[in-house]
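Chemist: Please build the complete structure, drawing on both the sequences and the hints.
Residue numbers (our numbering), protein chains in the order written: chain A, 1 to 308; chain B, 1 to 308.
Hints were generated in silico from the structure; no laboratory data involved.
Wrong hints could be hidden among the right ones.
Where chains are identical, the list cannot tell them apart; a pair therefore holds if satisfied intra-copy or between any two copies.
Unchecked claim - Cross-link-like lysine-lysine pairs, in silico, PhoX-like; alpha carbons within 20 angstroms at most:
| hint | residue 1 | residue 2 |
| --- | --- | --- |
| 1 | Lys42 | Lys269 |
| 2 | Lys26 | Lys284 |
| 3 | Lys269 | Lys179 |
| 4 | Lys179 | Lys273 |
| 5 | Lys210 | Lys225 |
| 6 | Lys225 | Lys273 |
| 7 | Lys26 | Lys90 |
| 8 | Lys63 | Lys199 |
Keep in mind it's a predicted model, so treat the numbers as computed, not measured.
So you can see what is in the structure, the chains are spelled out below.
There are 2 protein chains.
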Amino acid sequence: MANTYSIGIDIGGTNTDMGLVRDDGKIIDRNNIPTNVYTELKPYIHDIMECIGKLMKDNGVDKIEGIGIGAPNGNFYTGCVDNAPNLTIKGVLNFEEEMHKYMDVPVVLSNDANAAAFGEMVYGGAKGMQHFIMFTLGTGVGSGIVVDGRLVHGSTGGAGELGHNILIPNGRQCSCGRKGCLETYTSARGIVQTYCELKGVPVTSDINSKMIGDLANQGDPIALKTWEVVADQLGLAMANSVTFSAPEAIFLMGGPTKVGEPLLKPLQKAFEKYLLNIYEGSCKIRMSELKANEVAILGAAALIKMKK
Amino acid sequence: MANTYSIGIDIGGTNTDMGLVRDDGKIIDRNNIPTNVYTELKPYIHDIMECIGKLMKDNGVDKIEGIGIGAPNGNFYTGCVDNAPNLTIKGVLNFEEEMHKYMDVPVVLSNDANAAAFGEMVYGGAKGMQHFIMFTLGTGVGSGIVVDGRLVHGSTGGAGELGHNILIPNGRQCSCGRKGCLETYTSARGIVQTYCELKGVPVTSDINSKMIGDLANQGDPIALKTWEVVADQLGLAMANSVTFSAPEAIFLMGGPTKVGEPLLKPLQKAFEKYLLNIYEGSCKIRMSELKANEVAILGAAALIKMKK
Numbered sequence: 001m002a003n004t005y006s007i008g009i010d011i012g013g014t015n016t017d018m019g020l021v022r023d024d025g026k027i028i029d030r031n032n033i034p035t036n037v038y039t040e041l042k043p044y045i046h047d048i049m050e051c052i053g054k055l056m057k058d059n060g061v062d063k064i065e066g067i068g069i070g071a072p073n074g075n076f077y078t079g080c081v082d083n084a085p086n087l088t089i090k091g092v093l094n095f096e097e098e099m100h101k102y103m104d105v106p107v108v109l110s111n112d113a114n115a116a117a118f119g120e121m122v123y124g125g126a127k128g129m130q131h132f133i134m135f136t137l138g139t140g141v142g143s144g145i146v147v148d149g150r151l152v153h154g155s156t157g158g159a160g161e162l163g164h165n166i167l168i169p170n171g172r173q174c175s176c177g178r179k180g181c182l183e184t185y186t187s188a189r190g191i192v193q194t195y196c197e198l199k200g201v202p203v204t205s206d207i208n209s210k211m212i213g214d215l216a217n218q219g220d221p222i223a224l225k226t227w228e229v230v231a232d233q234l235g236l237a238m239a240n241s242v243t244f245s246a247p248e249a250i251f252l253m254g255g256p257t258k259v260g261e262p263l264l265k266p267l268q269k270a271f272e273k274y275l276l277n278i279y280e281g282s283c284k285i286r287m288s289e290l291k292a293n294e295v296a297i298l299g300a301a302a303l304i305k306m307k308k
Numbered sequence: 001m002a003n004t005y006s007i008g009i010d011i012g013g014t015n016t017d018m019g020l021v022r023d024d025g026k027i028i029d030r031n032n033i034p035t036n037v038y039t040e041l042k043p044y045i046h047d048i049m050e051c052i053g054k055l056m057k058d059n060g061v062d063k064i065e066g067i068g069i070g071a072p073n074g075n076f077y078t079g080c081v082d083n084a085p086n087l088t089i090k091g092v093l094n095f096e097e098e099m100h101k102y103m104d105v106p107v108v109l110s111n112d113a114n115a116a117a118f119g120e121m122v123y124g125g126a127k128g129m130q131h132f133i134m135f136t137l138g139t140g141v142g143s144g145i146v147v148d149g150r151l152v153h154g155s156t157g158g159a160g161e162l163g164h165n166i167l168i169p170n171g172r173q174c175s176c177g178r179k180g181c182l183e184t185y186t187s188a189r190g191i192v193q194t195y196c197e198l199k200g201v202p203v204t205s206d207i208n209s210k211m212i213g214d215l216a217n218q219g220d221p222i223a224l225k226t227w228e229v230v231a232d233q234l235g236l237a238m239a240n241s242v243t244f245s246a247p248e249a250i251f252l253m254g255g256p257t258k259v260g261e262p263l264l265k266p267l268q269k270a271f272e273k274y275l276l277n278i279y280e281g282s283c284k285i286r287m288s289e290l291k292a293n294e295v296a297i298l299g300a301a302a303l304i305k306m307k308k
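Modeler: This is the structure we're talking about:
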């Protein structure tokens with residue numbers, strides 16, 4: 001059988017990455033354009049479609065199955081990007097409609113964490129799973145939830161924001177305006193804050209979560225303690241998420257998860273401690289099997305496999 | 001078109017209630033047998049099937065669409081009741097298999113809170129909704145979650161245990177062995193505990209949540225304060241659940257929700273306060289529209305409408 005192909009697009013505030021993805025999950029070729037030079041949708045889509053055309057032509061592909069897009073505030077139901085604060089193009093942007101002027105293929109959008117989760121199911125370690133949750137740790141904390149083999153988008157399209165689950169009532173101030181969100185504890189910034197608090201120094205931008213990871217792996221006791229605290233908080237949040245959808249696995253990805261043992265060992269312990277007994281042994285903790293520099297494009301491309 | 005009928009069975013530790021349900025949600029007739037006189041499955045199912053036969057015969061119904069069962073630890077995937085602690089019949093009980101010896105119709109099981117949620121969708125206020133969550137407040141706190149028009153059962157069948165979401169880390173001791181579960185605050189017993197704590201007296205069985213409701217409606221300040229505290233806790237849990245599935249409504253049922261204004265007014269306020277801004281205005285708080293003495297049977301009967 002001939003190979004089939006799709007396009008995955010990862011829209012960031014600075015760059016827009018595009019990849020031609022073969023059905024077995026290999027990125028055949030990729031390309032990118034800047035995002036932040038555009039203030040209007042039409043020229044932006046024009047240039048994206050030109051890039052896609054070139055990717056196809058250069059690789060002798062004359063037909064694609066569809067275009068999947070991972071974007072902040074990407075709305076699965078409407079095919080629009082809704083008022084994304086980090087984009088220079090403002091308003092509700094109908095990607096699906098605009099792209100259909102160029103090419104008559106399915107165009108499917110979702111947010112980046114959802115795309116990452118679905119990419120794990122189509123191309124990564126969650127193949128064949130019907131129920132799992134992905135937590136993405138980075139600047140913020142995102143999540144994607146798969147139930148019955150489908151991404152949970154909810155009534156608005158905005159489901160799966162577990163980074164803004166309030167973990168500790170009246171806890172740390174979150175950028176969302178509320179207090180105690182998971183994100184304030186387990187994002188890269190939250191981890192730095194915990195480290196500085198444990199060290200008794202003001203929070204500083206001289207330190208990042210990668211450095212705290214390196215320190216921990218060198219045996220630094222405050223760094224090790226930091227990851228224990230983070231593991232306890234993340235383990236609680238993960239155990240709470242199990243009461244919702246009883247997933248068979250929780251996947252982790254993102255920079256802070258790369259630290260390894262200093263996070264993962266206490267995380268397993270905390271997760272088991274906080275897990276309701278009826279779920280004992282039913283849910284594994286797994287690391288994303290997709291490469292960090294491929295997950296966004298693969299996740300986006302995977303979205304077209306999800307039926308509306 | 002002729003009417004179609006189904007059987008709904010509500011299995012409790014003491015009694016087993018059965019109802020013949022018409023497709024429009026009317027319970028045509030009902031009957032019950034004791035549960036706690038049986039120690040073996042076969043005679044128990046025999047007597048249930050005899051009751052069902054009688055319900056059908058008495059009402060001139062010669063064909064039913066299926067049998068739905070709401071039971072503690074009822075497992076949707078296996079058709080079994082798995083080691084329910086409050087039943088005198090012990091072990092893993094294969095209801096589906098045993099009933100099929102008598103009647104060749106679909107037999108569908110789930111737990112009681114899931115059944116209540118699905119009943120709301122088929123026969124109650126959630127008709128036509130694709131995404132909603134039901135919280136049932138009573139001796140414990142249960143929940144049923146509907147995503148894309150289907151109950152979320154998860155990988156084990158045991159999804160939707162939001163009563164055991166840890167709301168307050170290291171909070172009140174829960175019967176599940178962990179601390180700070182939602183149930184320890186918003187179950188009938190949790191509400192009594194809050195009242196006694198606010199009053200500065202030891203927790204006593206002389207008081208129940210109904211009495212605290214009556215006191216609040218008479219203007220008693222400690223009772224009013226109790227419901228405010230409960231509303232804050234429940235509102236937080238509800239807002240957290242929205243980050244999961246972005247439901248269009250959250251339904252409430254059970255004794256403590258009957259208090260009315262003293263709970264519902266501060267609850268709306270707390271829910272809005274804790275809700276992440278992207279969900280603003282997208283999720284309503286609604287009371288179950290099913291009658292308290294009908295919900296268990298209607299919910300059970302509704303289960304056969306959910307395709308496996």
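Chemist: With identical chains, the pair Lys179 and Lys273 could be close in the same copy or across copies; at 20 angstroms between alpha carbons, which is it: within, between, both, or neither?
Modeler: The answer is between: 11 angstroms across copies meets 20 angstroms, while 24 angstroms in one copy does not.
Chemist: Reference check for the pair Lys269 and Lys179, CA-CA at most 20 angstroms: within, between, both, or neither?
Modeler: between (26 angstroms within a copy, 16 angstroms between copies)
Chemist: At 20 angstroms max between alpha carbons, let me know whether Lys210 reaches Lys225 within a copy, between copies, both or neither.
Modeler: within (15 angstroms within a copy, 47 angstroms between copies)
Chemist: How would you classify Lys63 and Lys199 at a CA-CA limit of 20 angstroms: within, between, both, or neither?
Modeler: This pair counts as neither: shortest intra-copy Cα distance 57 angstroms, inter-copy 72 angstroms.
Chemist: How would you label the pair Lys225, Lys273 (within, between, both, or neither) given a Cα cut-off of 20 angstroms?
Modeler: within (18 angstroms within a copy, 33 angstroms between copies)
Chemist: How would you label the pair Lys42, Lys269 (within, between, both, or neither) given a Cα cut-off of 20 angstroms?
Modeler: Result: close neither inside a copy nor across copies, 51 angstroms intra and 42 angstroms inter.
Chemist: Since the copies are identical, ignore which copy is meant and state whether Lys26 and Lys284 lie within 20 angstroms (CA to CA) inside a copy, between copies, both or neither.
Modeler: neither (26 angstroms within a copy, 44 angstroms between copies)
Chemist: Under a CA distance limit of 20 angstroms, which applies to Lys26 and Lys90: within one copy, between copies, both, or neither?
Modeler: neither (33 angstroms within a copy, 52 angstroms between copies)
Violated hints, in rising order: 1, 2, 7, 8; the structure is consistent with all others.
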